[in-house]
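Protein chains in written order, with the numbering used here: chain A, 1 to 388; chain B, 1001 to 1144.
Everything labelled a hint here was simulated from the structure, so no lab data went into it.
Bear in mind that the values here come from a model prediction, so they are computed numbers and not experimental data.
A hint or two may mislead.
Said to hold, decoys possible - Chain B regions said to be covered by chain A (calculated; three or more residues, Cβ under 8 Å): (1) 1042-1049; (2) 1059-1070; (3) 1087-1096; (4) 1122-1130.
Heads up, the beta-carbon is just placed ideally off N, CA and C, and yes, glycines get one too.
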Amino acid sequence: MSLLPLGEKVRMRGISYPMAIDKQLDSLELMINVGPQHPATHGVFRMVVWIDGERIVDVEPHIGYLHRGTEKLCEGEQYSQIITLFDRLDYVANFNNELVVCMAAEKLMGTEVPERAQYIRTILCELNRIASHMLFYGTFALDAGAMTPVMYAFRERERIQSLFEATSGARLMHNYFRIGGVRQDAPDDFAQRITTLLEPVKETIAEADRLITFNEAFLARTRDVGTIDGNTAVALGLTGPSLRASGVEYDVRRTEPYLLYDRLDFIVPTGDRGDCWDRFWVRIREMEESVRMVEQCLQQMQSGPIMAPTRRIARPPKGEVYAHAENPRGDLGVYLVSSGADRPYRLKVRPPSFCNLMSMKHMMRNAYMADAIMILGSLDIVLGEVDR
Amino acid sequence: MLSQALAELNPKMSAALDEVVVTVERDALLQAALKLRDDPGLSFNYLMCLSVVDYEDRFEVVYHLRSLAKAHRFALKVSLPYDDPRISSVISVWPGADWHEREGHDLFGVVFEGHPNLSPLLLYDGFEGYPGRKSYPFNDYQEW
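Let's have the full structure, built from the sequences with the hints guiding it.
Put into structure tokens, the structure is as follows:
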């Protein structure tokens, strides 16, 4: 599929790159604007694509349509109020986002979170990962032209969200984690509800493989499309399943275990080619691992306190901390600088989608225009997080 | 090992909780960055986060680095005077710094010298002021 570069350097827009097209043909470079209001961009995202024939010569992403200044807003809110702002960053993986800001403050204050709260957090984060990957599975198949999987995926996501509603009171934007624990104890039938909902989820994951993963048309659309090798991916800051698809086994849950991941038995699935199909496959396998992790947690979970004895208004001591955790999209980090007050002095978020989107430019060069949508879809970006 | 590798660049070592923090002069940043990435004992190949912090009398640019092979991490800091926030771009060492630096320029007005394209990323073209700074009025807004 890859055409050999002819070695001809063309300078355009200040960037020099080898032209990969046969210049014997007389062709005209076209500029195409995709977005910001386009269903395939998964949010308010715009990219300007320069194409020569069907091939992409260069692409320039434009972000910031959803910029709400979350980092600055955090400087004016108390720690307990920040948690709601974090819900709105990555709005399909709310629990994972809440967790990181709580972890940062807890690390700074030296708070020990009770074990039961840790188990509840781990279960909810893993279920949220499944819900988020389900959304990816549905929409990515939709990008490829398959209309059915999105129905199945949303059905399962809805089951998980009903559980979230039973636990926290809200389907989305839960505001459930607190600095030092969780807001309220899980419902009495928590374990039983999860066991019931995991059965159809497992069935849908197995069905995804039968329906999409090894489907010939799907393979033709994704195999060897948008490849990126491990070293380039690391240098560009790509993380999460997209990085692991390139064969780099970097998972924060494994390398710097937080919550209870050091007690759980799970494997970190990795791909080998780093193409769109690998990125899809890794996510499907991750859902299976998440199901296993939730089941292990349910077996180990005991009753007990759910909140560490903390003061009503959290005032972390003067200092700074960098906490990070594995979000469904990658390595979500929070750099928190505290001046000892009840609100942070500075809070910088390292959103995984923001960094993943940077490498899109690299993947799209020389790809077909029709594949641009697949490449963008395979990165599974959430614009709330990119723009903050 | 870190102090040995950076010895000639006059680093200041400190610690924040469990993390090592090294402060270098801004002229020594690029040299330090190259050494951190290429030294086989350190091999910090992954720039986790690049943050700009406004301390009202100075800016601090913080690089959170990690080595995937060695599984260790630390924070590299550079302090900049408030009225002259210029620093060399590390995009040649870690290409992933690209948008982080653009954001730092966008919100804080820190000039990353050597960056190929410092056009606004999160804000729109023609936005006045640097909303990330402490001096920017909190409840102010601009019509667009």
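Results for each hint:
1. Figure legend: the region 1042-1049 of chain B, annotated as covered by chain A; annotation consistent (5 residues with Cβ-Cβ distances under 8 Å, at least 3 required).
2. With 3 residues bearing a CB less than 8 Å from a CB of chain A, the region 1059-1070 of chain B meets the requirement of three and the coverage assertion stands.
3. With 3 residues having a beta carbon nearer than 8 Å to a beta carbon of chain A, the region 1087-1096 of chain B meets the requirement of three or more and the stated coverage holds.
4. Evaluation of the coverage hint for the region 1122-1130 of chain B: fulfilled, as 3 residues show C-beta separations to chain A shorter than 8 Å, against a requirement of three.
Hint compliance for this structure: no hint is broken.
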